[in-house]
Amino acid sequence: MVIAVFVAAIAVINHGCSRSNDPDSEGGHDSLSFDLNDPKIKERLGEDDGYAFAIMYGADIHGSLETCG
Amino acid sequence: MGGLARRVSYIKAFKQRSNTEVPTLSVDAGNLFTDDRFSANQLPAEVMTKNKWVVKGYGDFHHDAANVSYVDLPYLGELLKKDGFDKRVEEYPFIERLISANIHPMTDQHRELAPYVIREVNLKRGVPGKKLRVGIVGFSEPKPTGPNAAETVYAGFRIDDPFEAAKKVLPELKQKTDFIIALAYMDMGSAQRLASDNPEIDSLIGARQTSNMEEPQHFNRATITYSYNQTKYLGELRVYVRGDGTTENQINRYVALDSDIPDDPAAQEVVTAAHTEFTKEQTTNATAAAARNPNPLLGGDSPYVGVETCAGCHEKENDVWVKSRHGHAMATLEKKNQQFDNECVGCHVVGFQKGGFQSLYTTPQFANVQCEECHGPGRDHAANPGKGYGFMSTPVGCVKCHKEPNDPNFDFAVYWPKIKH
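Top line first, the protein sequences correspond to chains A and B. Going left to right, the first sequence walks through residues 22 to 90 as the numbering used here numbers them. Going left to right, the second sequence walks through residues 10 to 430 as the numbering used here numbers them.
Quick caveat, the hints were computed from the structure, so don't treat them as lab data. Predicted, not measured: the structure shown is a model, and the values here were computed from it. There could be a bad hint or two in this list.
What the hints assert, rightly or not - Pairs of lysine-lysine, DSBU-like flavour, derived with a Cα cap of 35 Å:
#1 K61(A) <-> K24(B)
#2 K412(B) <-> K289(B)
#3 K61(A) <-> K140(B)
#4 K61(A) <-> K427(B)
As the list claims (entries may be wrong) - Derived DEER-like restraints, expressed as beta-carbon distance ranges:
#5 K61(A) <-> A340(B): 39 to 45 Å
#6 N58(A) <-> Y249(B): 23 to 29 Å
#7 G67(A) <-> H113(B): 37 to 43 Å
#8 N58(A) <-> G321(B): 53 to 59 Å
#9 K61(A) <-> W425(B): 44 to 50 Å
#10 G67(A) <-> T293(B): 32 to 38 Å
We treat Cβ as the ideally placed atom computed from N, Cα and C, and that holds for glycine.
For reference, chain A alone in the conformation it holds in the complex (with noise of 0.2 Å):
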């Protein structure tokens, strides 16, 4: 029972962490739901072509998580 708190207590401690300060995080949520190697995800994603990083944008969402319809 102690040992499965404190095992419990690492991974709140843990994931806390890798929230706030890790700039590679997804908050904690970093599992694909999704095959990498499928031909559409792979044809969006383009070639990996050496760049060192990476800054992903957008803006105008105005209050919402969704688009219409």
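Given chain A's structure and the hints, the job is docking chain B onto it.
Structure of chain B alone, referenced to chain A:
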């Protein structure tokens, strides 16, 4: 197209494709929150709810910074209130990633925004092992009120000259960082001026006008790119670094967030919860309004009469309409629990905010894209049938909804046969 759940999926895939070797920053260039129906210094409760879920969604799914634009100020007034600020930040840490170098509260009841945030990324390519300090700074133009007029005071905030603010903040940020991203909510001409005047900027990411400018522009050291409206296409700027640590090149891509990109399940849960809470609040409001004044427009006050009246004489045309997507436009919103979202319903009903559709509870007879949405209000025509009513200029009339951000693939020659009548 678009949406948080697809955006999260794509970014995860992008990282995993390169075995997480590539640090990835996520930013928003402005207009994150809605100011829908802001009046008397207040936003309606359900609008506050929508915005609250944006703060949660962007915080839960890792965004490094969001630029504050004048559009965001009505809700920002709630977020930055000193009263309860620490508790809000504890619940929604993303609040501290909202930035602006030229927007300031007018009173001491609100906290100041940070002008910038600094993120440290560990390079594994270019100069493996180097810690690159990236500064992200935000600017907004004042609120436009006419072709050559703008308000510099809005919703309790002062919007200073972004060009003067840049001159103050960028030299300071340059001392602390290796790479500067400027987020700019302003038109292209102003963005070009900002980049031209300030050689400290490495990347300028703009918003406020829709762009399909795949090739970035270059001013001084800066690469200028522009966001697509509502992030239906995610901007992806790839930065290539030489062995000496300097930037070799920046390449821009727009990634279509269409149905080929699956929704991320965890992000979709947040989106669904947001829709559910918003719809619940709207249902409560609309039910109360309907109880106070059931069908307020049926007494003849509306210039619209609704499709049932049209069908009385135009039976053949009605048969075509019933089978068309126009005839089921509201159902597409209901499937996603968006039937009360004012940002959406205008293109799924007849006469929204023009004396026609108000809500499904008070004016269900005006749901769906009916005859009068294209042909104009028909009450006078119904009272005195005759020629002269119903002329429609196509495709000009169509593109008020079937336009670039909503329907980038609109082609009148393809669409018209589907509703020809």
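Evaluation of the provided hints:
no., hint, in the structure
1, K61(A) <-> K24(B), "holds, 17 Å"
2, K412(B) <-> K289(B), "holds, 30 Å"
3, K61(A) <-> K140(B), "holds, 34 Å"
4, K61(A) <-> K427(B), "holds, 29 Å"
5, K61(A) <-> A340(B): 39 to 45 Å, "violated, 27 Å"
6, N58(A) <-> Y249(B): 23 to 29 Å, "holds, 25 Å"
7, G67(A) <-> H113(B): 37 to 43 Å, "holds, 41 Å"
8, N58(A) <-> G321(B): 53 to 59 Å, "holds, 58 Å"
9, K61(A) <-> W425(B): 44 to 50 Å, "violated, 30 Å"
10, G67(A) <-> T293(B): 32 to 38 Å, "violated, 46 Å"
Violated hints, listed in ascending order, are 5, 9, 10; each of the other numbered hints is respected by the structure.
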